[in-house]
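Peer 1: Each chain, written out:
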Amino acid sequence: MRQNRPTSPRRNRTNILRRRLRRLVVCGLALAAAWHIFATFLWIAPVSGLRAVVPGNLLHDYMIPMNGQSWSVFAPAPINGDYRLQVRAYVDNGGSSYATPWVDATKVETSMLTHHLFPPRAAIQSTELASRFKSSYDDLTADHKVIVKLGYFKGDDWEKRLTAKLNSYGDQPAVEAYMAEEHEITAYSTQVAYALWGSKVSRVQFVVSRRNVVPYAQRNNAHAQRPAAQVALTGWRGTTEEPGQSRADFASVFRKAYAESAR
Amino acid sequence: MIRAYVVGAGRFTAALLAALGNLIDRLGKDVLAGVETWLTEDKHAKYGLAVTRILLGLTGVGLLLTNLRTRLYTFGAGSAWNGEAAHPSSDFPRIWAFSLFHRLALHNTWFTVAYLGLLVLAVLVVLGWRMRIVLPVYFFCWVGFAEMNDLVGDQGDNMYRITIMALLFADTAQRWSLDDRRATAAEARADGATGLLGHVRRAWSGGRLLPRWLTNTTHNLAVVVITCHVCFVYASGALYKASGSPWQAGYAIYNPLHVTRFSPWPELADFLTQWGPLVVLISWTSIILQMSFPMMLTNRVTRVIALFGILGFHLGIAILMGLPWFSLSMIAIDAIFIRDVTWRAISDFVTETWRASRPSTAMATATAAPRASLRRRRTAASRRS
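Chains as they are written, first to last, in the working numbering: chain Y, 2 to 264; chain W, 900 to 1284.
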């Protein structure tokens, strides 16, 4: 008993220190979690004055990219229209040059989705592409829309010439956003054209449209028609291909889906 | 006389305030002590998180298998037209730890090897094999893969990423996993080896590396973080929806169910949306359920209603809207709200039913008994520590 006396207070002190250190760590972890929860709340909730309690860009810098998200899906109004991307091409086959018929690329891809319980993500590429293109097209002015209806396909600099022409009508940010989408959709259309009509394709044309569903009130009317499509008209474009593109890897899937959609 | 009353009233007020102060102090201490105990003494939602891990792993397996045939078309060299290989639209491919798939995107063979490797990792997540190593590797690889093509992503990818990130701080393999099995076996043949070698051997066998109070705290905080996240997501989703006229009028679900992209079964969509009252019931129920989900978790009866309701909501999205993997990942996360005792009861029921349907029932019972007894001992030991 006597032997234990000198060591007991030291042991006690060590235990108290250990307990305090443990509490400090637990408090630190709990505070970190509390901050994360608060930041998540601010980020997910509708933008409000409450965000002002976090200084500067701290909230954005903390949330992006690791915690980035948006939960306004199907809100305030869910999507109520189909986007459609149609493609055709001009084939220079020696003496016989011709324009191909239109192909509905969206119908081809969504055939991988319709009546499938586990659809691949490939099924929605052209739909999403058409949606983004239409959105950037809608931001253009009436003058811009007249220009994009014209054909730009001669030489290697057609994209530069088209951009310059559009910029001459002002609203450079809208033109820049539109040209980024146009470049992507032209590159996609080029692959569609190569997949269906071979490598002699010299230029492509695409049409993006959106058509709303039959209004809810008329859903049980057998003669009800969908409202007229909103069409984004564009002229002929030169073929565009990104570095590293494999025509075969695109064509093998697209052709199979094309055959499926034609059934 | 008046002075005496004033002094008396003052003393009375002071005594009341002191009592109130003591009460607040005691309550504060009790609450803090309760929080500390809840955080440090034991891990919560062990079975719930195990189910979350298994279902998130199955989500990964399902999504990878679904896209296996079209992988090069959607993510590989066939998709270079989208410009992601040259200029990724997501921030993740620019972060080294997440850049593996982006680097391999245009190399078919290596991309396929990485794709199959990710599939193997997802299977290991389902099985709960070496989760301390596998889960972080899976997290970095999965995020890199999911961020390859911005055109085909959805909000489920974000939920998946954020949840797995939280799970890195939790022990998801403590139940229903190969790690759990290994730890049980290691405990049964404990050799008592000491020193660094013994420590490493125990750690490799599933023993603990860090103090239990610390791992308990991070595990339980991960549960809190995931709970809050899900509640915010549901409640804010409902608020956003409630501000839209199609939701207010009760016909909102009609629109996406007639858009090709979100209607893989158009005949079923037509059938379900024919009768107006049913359309309103589904539209409004989904908002009310999402909005009241956090409050409904606080009571057992309402929690059961909320969980069955939200399960039906996600099954509807999975089948009617063609988003099975998004739905499965949300169902996986909701699994943490089912209590361990309920999961155990479900497990016992399934085990008993399975055992009863097998011819060699007696033998199975004989081999299972020692294992069950060891598990009970382990559970009791973890509670005591």
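Note that these hints are calculated values from the structure, not bench results.
Treat the hints with care, as some may be off.
[As the list claims (entries may be wrong)] Every beta carbon over 12 Å from chain Y, so not counted as near; a handful from chain W, in silico:
#, residue
1, Leu962
2, Ile1061
3, Leu1113
4, Leu1156
5, Gly1221
6, Ala1244
7, Pro1258
[To be verified] Residues from chain Y that face chain W, not an exhaustive set, calculated with beta carbons under 7 Å:
#, residue
8, Leu30
9, Leu32
10, Asp83
11, Asp172
12, Gly239
By construction, the Cβ of each residue, glycine as well, lies at the ideal position given by its N, Cα and C atoms.
Peer 1: A separate judgement is required for each hint: does it hold in the structure or not?
Peer 2: Here is what the structure says about each hint:
no.: 1; hint: Leu962; in the structure: 8 Å, violated
no.: 2; hint: Ile1061; in the structure: 6 Å, violated
no.: 3; hint: Leu1113; in the structure: 7 Å, violated
no.: 4; hint: Leu1156; in the structure: 9 Å, violated
no.: 5; hint: Gly1221; in the structure: 5 Å, violated
no.: 6; hint: Ala1244; in the structure: 30 Å, holds
no.: 7; hint: Pro1258; in the structure: 35 Å, holds
no.: 8; hint: Leu30; in the structure: 5 Å, holds
no.: 9; hint: Leu32; in the structure: 10 Å, violated
no.: 10; hint: Asp83; in the structure: 5 Å, holds
no.: 11; hint: Asp172; in the structure: 23 Å, violated
no.: 12; hint: Gly239; in the structure: 14 Å, violated
The structure is inconsistent with the numbered hints 1, 2, 3, 4, 5, 9, 11, 12, although it conforms to all the rest.
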